[in-house]
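Novice: Each chain is listed here by its residues.
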Amino acid sequence: MSVLVYTENWDGRFKKLSYELVSYASGIAGMTGGSVTALSIGNVGRDELSTLGSYGATNVLSAETVPSGLDNQLYTQVIAAAMEKTGAKVLVMANNNSGKAIAPRLSVRLKAGLASGVTALPESVDPVIVQKKVFSGKAYAKVKILSDSAILTLSQNSFEIRETGGSAAIEAFDPGVDASVAKTNIRDVQKQEGKLLLTDAELVVSGGRGMKSPDNWGPLEELAGILGAATACSRPVSDEGWRPHEEHTGQTGKIIAPNLYMAFGISGAIQHLAGVSASKCIVAVNTDKDAPIFEAADYGIVGDAHKVLPELIAEIKAARAQ
Amino acid sequence: MRILVCISNVPDTTTRVKFSSDNTSVDNSGVQWIINPWDELALTRAMELKEDSSNAISTVTVATVGPATADPTLRKALAIGADDAIRVESETGDAYQVATQLAAVCKSGDFDVVLCGIESSDYNGSAVGGMLSEILDIPSVSAVSGLKAEGEEVIISRDIDGGREEVSVPLPFVAIVQKGIAKEPRIAAMRGIMMARKKPLQVVPAVESETLTGYLEFALPQAKAPCKMVDADHVKELVGLLQNEAKVL
Ligand SMILES: Cc1cc2nc3c(=O)[nH]c(=O)nc-3n(C[C@H](O)[C@H](O)[C@H](O)COP(=O)(O)OP(=O)(O)OC[C@H]3O[C@@H](n4cnc5c(N)ncnc54)[C@H](O)[C@@H]3O)c2cc1C
Ligand SMILES: Nc1ncnc2c1ncn2[C@@H]1O[C@H](COP(=O)(O)O)[C@@H](O)[C@H]1O
Numbered sequence: 610m611s612v613l614v615y616t617e618n619w620d621g622r623f624k625k626l627s628y629e630l631v632s633y634a635s636g637i638a639g640m641t642g643g644s645v646t647a648l649s650i651g652n653v654g655r656d657e658l659s660t661l662g663s664y665g666a667t668n669v670l671s672a673e674t675v676p677s678g679l680d681n682q683l684y685t686q687v688i689a690a691a692m693e694k695t696g697a698k699v700l701v702m703a704n705n706n707s708g709k710a711i712a713p714r715l716s717v718r719l720k721a722g723l724a725s726g727v728t729a730l731p732e733s734v735d736p737v738i739v740q741k742k743v744f745s746g747k748a749y750a751k752v753k754i755l756s757d758s759a760i761l762t763l764s765q766n767s768f769e770i771r772e773t774g775g776s777a778a779i780e781a782f783d784p785g786v787d788a789s790v791a792k793t794n795i796r797d798v799q800k801q802e803g804k805l806l807l808t809d810a811e812l813v814v815s816g817g818r819g820m821k822s823p824d825n826w827g828p829l830e831e832l833a834g835i836l837g838a839a840t841a842c843s844r845p846v847s848d849e850g851w852r853p854h855e856e857h858t859g860q861t862g863k864i865i866a867p868n869l870y871m872a873f874g875i876s877g878a879i880q881h882l883a884g885v886s887a888s889k890c891i892v893a894v895n896t897d898k899d900a901p902i903f904e905a906a907d908y909g910i911v912g913d914a915h916k917v918l919p920e921l922i923a924e925i926k927a928a929r930a931q
Numbered sequence: 008m009r010i011l012v013c014i015s016n017v018p019d020t021t022t023r024v025k026f027s028s029d030n031t032s033v034d035n036s037g038v039q040w041i042i043n044p045w046d047e048l049a050l051t052r053a054m055e056l057k058e059d060s061s062n063a064i065s066t067v068t069v070a071t072v073g074p075a076t077a078d079p080t081l082r083k084a085l086a087i088g089a090d091d092a093i094r095v096e097s098e099t100g101d102a103y104q105v106a107t108q109l110a111a112v113c114k115s116g117d118f119d120v121v122l123c124g125i126e127s128s129d130y131n132g133s134a135v136g137g138m139l140s141e142i143l144d145i146p147s148v149s150a151v152s153g154l155k156a157e158g159e160e161v162i163i164s165r166d167i168d169g170g171r172e173e174v175s176v177p178l179p180f181v182a183i184v185q186k187g188i189a190k191e192p193r194i195a196a197m198r199g200i201m202m203a204r205k206k207p208l209q210v211v212p213a214v215e216s217e218t219l220t221g222y223l224e225f226a227l228p229q230a231k232a233p234c235k236m237v238d239a240d241h242v243k244e245l246v247g248l249l250q251n252e253a254k255v256l
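Protein sequences appear in the order of chains A and B.
Just so you know, the working numbering puts 726 at position 117 of the first sequence, and the rest follows in order with no gaps.
Just so you know, the working numbering puts 135 at position 128 of the second sequence, and the rest follows in order with no gaps.
The following block holds chain A by itself, in its conformation from the complex (with noise of 0.2 Å):
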């Protein structure tokens, strides 16, 4: 069976969550020794396609022609069209941002059923039968998909890269579709340059309300810049404004999944649990010996963050001297 694999680009670059996308639907591919065609939309340069091929994705689309700001209407015809290209049966996105938006656009198009937010590979492909998370992550669900072909968008960070040192051929790709389907206005554009995304990170270090002032957060920032670790907070301490909105993870905010996920002086409320508790290692330093935090998490201090902070920062520093 084949499967066909939107890697988004960021200006040009590829992401770790492009590779996962790629080995995942190279895993798929494998059960039932069909091969991957990876598609790009956008400026993308040879080299940076052709890493594409190291994760098991035989042939690369390059839609090279279409403009990068993101349309939903226009991108889902691009890929409705290399979809046709390719016969594939299999539509394999990420469920980040522009796959949520684009994934269920495709879903009509293609009549293709939708598993959103699938942790782990298929454990049938004919039919299409995958788990997937629901309750935020209070529990696990298997979809089965009963159209023909089928779209899974996958968690971040929840498959593992696998490098299969293949190489892929590179095509240009003409969709045939007229820009002017696209009735996005794009009227500014507001970005943080050289930042360390959350939701790319591999290390988070986080505050809540327990912290007690945003004027606190200097040695949570300096643990955060020695470890190479991206910050997040609780829902109460963006809505009070004490750190920046993009911070908040949770139910409503970001979800995540990084390696280690530290957690200085938050509850560990249920709606915070969902957007951190895929994380591989969480570390929880509270005051309350009673905090739900400490069920969820691996390793724990009872004891005052604003104490701990600065021990933590010395014992790291001390140990990354050695």
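Hints were generated in silico from the structure; no laboratory data involved.
These numbers were taken from a predicted model, which means no experiment stands behind them.
For each residue, glycine too, the CB sits at the ideal point set by N, CA and C.
Warning: the hint list may mix true and false statements.
What the hints assert, rightly or not - Label-pair distances were calculated between CB atoms; the ranges are:
| id | chain 1 | residue 1 | chain 2 | residue 2 | range |
| --- | --- | --- | --- | --- | --- |
| 1 | B | Glu224 | A | Gln799 | 40 to 50 Å |
| 2 | A | Glu780 | B | Ile162 | 33 to 43 Å |
| 3 | A | Glu772 | B | Glu160 | 44 to 54 Å |
| 4 | B | Pro228 | A | Val798 | 32 to 42 Å |
| 5 | A | Ala729 | B | Ala230 | 11 to 21 Å |
What the hints assert, rightly or not - Here are the simulated BS3-like pairs of lysine-lysine, each with C-alpha atoms no more than 30 Å apart in a straight line:
| id | chain 1 | residue 1 | chain 2 | residue 2 |
| --- | --- | --- | --- | --- |
| 6 | A | Lys898 | B | Lys235 |
| 7 | A | Lys863 | B | Lys235 |
| 8 | A | Lys889 | B | Lys235 |
| 9 | B | Lys231 | A | Lys751 |
| 10 | A | Lys821 | B | Lys235 |
| 11 | A | Lys926 | B | Lys254 |
| 12 | A | Lys926 | A | Lys889 |
| 13 | A | Lys863 | A | Lys625 |
Said to hold, decoys possible - Chain A residues, not near chain B, derived (Cβ > 10 Å throughout):
| id | residue |
| --- | --- |
| 14 | Ser611 |
| 15 | Gly621 |
| 16 | Lys625 |
| 17 | Gly642 |
| 18 | Glu657 |
| 19 | Thr667 |
| 20 | Ala690 |
| 21 | Gly746 |
| 22 | Arg771 |
| 23 | Ile779 |
| 24 | Glu780 |
| 25 | Ala781 |
| 26 | Gly785 |
| 27 | Arg818 |
| 28 | Gly834 |
Let chain A serve as the given structure and place chain B with the ligands on it in line with the hints.
Specialist: The following block gives chain B with the ligands in isolation, referenced to the frame of chain A:
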């Protein structure tokens, strides 16, 4: 300008999840039903826009696809301020089935702006809004964290990785909203609750539709190992565990 807010009726987010004895369905006995948190924010923003009389917004309608048990949730939306409500009489199928029903509502209602949430807090589909826009063949904008009206135009803020964009699309369109669209969800006041009883709640029959997906089985996550506690006076020990046991540093 007419606004439609699509409302998903969901269990309170603190509900403990239970399944039927054969694990093939969710057991909703004893559940408290609420307006899906993102839909509540969308409705709040719709009311704010309407109350600003410099915006020419004539009505805010709410709609849900579901059985009569969803009526109290619609009444709550009316109490918050919606002018009227529509319920499509149907057991909810998959996102495709729900979107097909909402498309029929949109076709009969002549709405200019349709607001959906980024996901339902129960099945986390993130699907209905996008599907609805494709069925109607109209523009959609996702990850919307701001909406304002400027004359005949609606200006939309959407989140992108590491930033924000300000965009506009021609009417009618579907906006798929997330956190930030309104600051705090609005709570119904006594007066609103009284008035809601007299507001129209129209029940319409479902149109024919199909489903593209189905749930086979549910499971709870595996219980995790208990948290290893480190003494606050031995922070060094934690660093050692993170380096050598968890191997994350
Ligand atoms: C529909 C809905 C959606 C929501 N979505 C989210 C969401 O996406 N994300 C989110 O985070 N929340 C969300 N919430 C809010 C959530 O329920 C909690 O209120 C919130 O997570 C609590 O934040 P907190 O842990 O920072 O604060 P608190 O609950 O006030 O906890 C502070 C903690 O700090 C500890 N503490 C105090 N002093 C110290 C100290 N000196 N050192 C160490 N620890 C200390 C205390 O023991 C306490 O455990 C949502 C709520 C609802 C109803
Ligand atoms: N049964 C429903 N009736 C009305 N609107 C719905 C329904 N289900 C989902 N929606 C809308 O679609 C959004 C996304 O839901 P979902 O695709 O189920 O995650 C919700 O926030 C609602 O705005």
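Novice: Minimum Cβ separation between Gly785 (chain A) and chain B greater than 10 Å?
Specialist: holds (19 Å)
Novice: Grab the minimum beta-carbon distance between Ala781 (chain A) and chain B and tell me whether it stays above 10 Å.
Specialist: holds (26 Å)
Novice: Regarding the pair Lys863 (chain A) and Lys235 (chain B), is the alpha-carbon distance no greater than 30 Å?
Specialist: Between Lys863 (chain A) and Lys235 (chain B) the Cα gap is close to 27 Å, so the pair holds against 30 Å.
Novice: Taken at face value, is the distance from the CA of Lys235 (chain B) to the CA of Lys898 (chain A) at most 30 Å?
Specialist: holds (12 Å)
Novice: Is the claim that Arg818 (chain A) lies outside the interface with chain B correct, judged by CB distances over 10 Å?
Specialist: Label holds. Min Cβ-Cβ 16 Å, cutoff 10 Å.
Novice: Straight-line Cα separation of Lys926 (chain A) and Lys254 (chain B) no greater than 30 Å?
Specialist: The given pair, whose Cα atoms are some 17 Å apart, holds under the 30 Å limit.
Novice: Closest CB-CB distance from Ile779 (chain A) to chain B, is it above 10 Å?
Specialist: At about 25 Å from chain B, Ile779 (chain A) clears the 10 Å cut-off, so the statement holds.
Novice: So Glu657 (chain A) supposedly isn't at the interface. Is its beta-carbon more than 10 Å from every beta-carbon in chain B?
Specialist: Holds, because the least Cβ-Cβ distance between Glu657 (chain A) and chain B comes to about 17 Å, which exceeds 10 Å.
Novice: Check the non-interface label on Gly621 (chain A): least C-beta distance to chain B beyond 10 Å or not.
Specialist: holds (14 Å)
Novice: Classify the label on Ala690 (chain A) as holds or violated, using whether its beta-carbon is more than 10 Å from each beta-carbon of chain B.
Specialist: At about 15 Å from chain B, Ala690 (chain A) clears the 10 Å cut-off, so the statement holds.
Novice: Just want to verify: Gly834 (chain A) was marked as not at the interface with chain B; is every Cβ pair farther apart than 10 Å?
Specialist: Correct as stated: the minimum Cβ-Cβ distance to chain B is 14 Å, above 10 Å.
Novice: Looking only at beta-carbon atoms, does the pair Glu780 (chain A), Ile162 (chain B) fall within the given range of 33 to 43 Å?
Specialist: holds (39 Å)
Hint 21 from the earlier list is the only one contradicted by this structure; the remaining hints agree with it.
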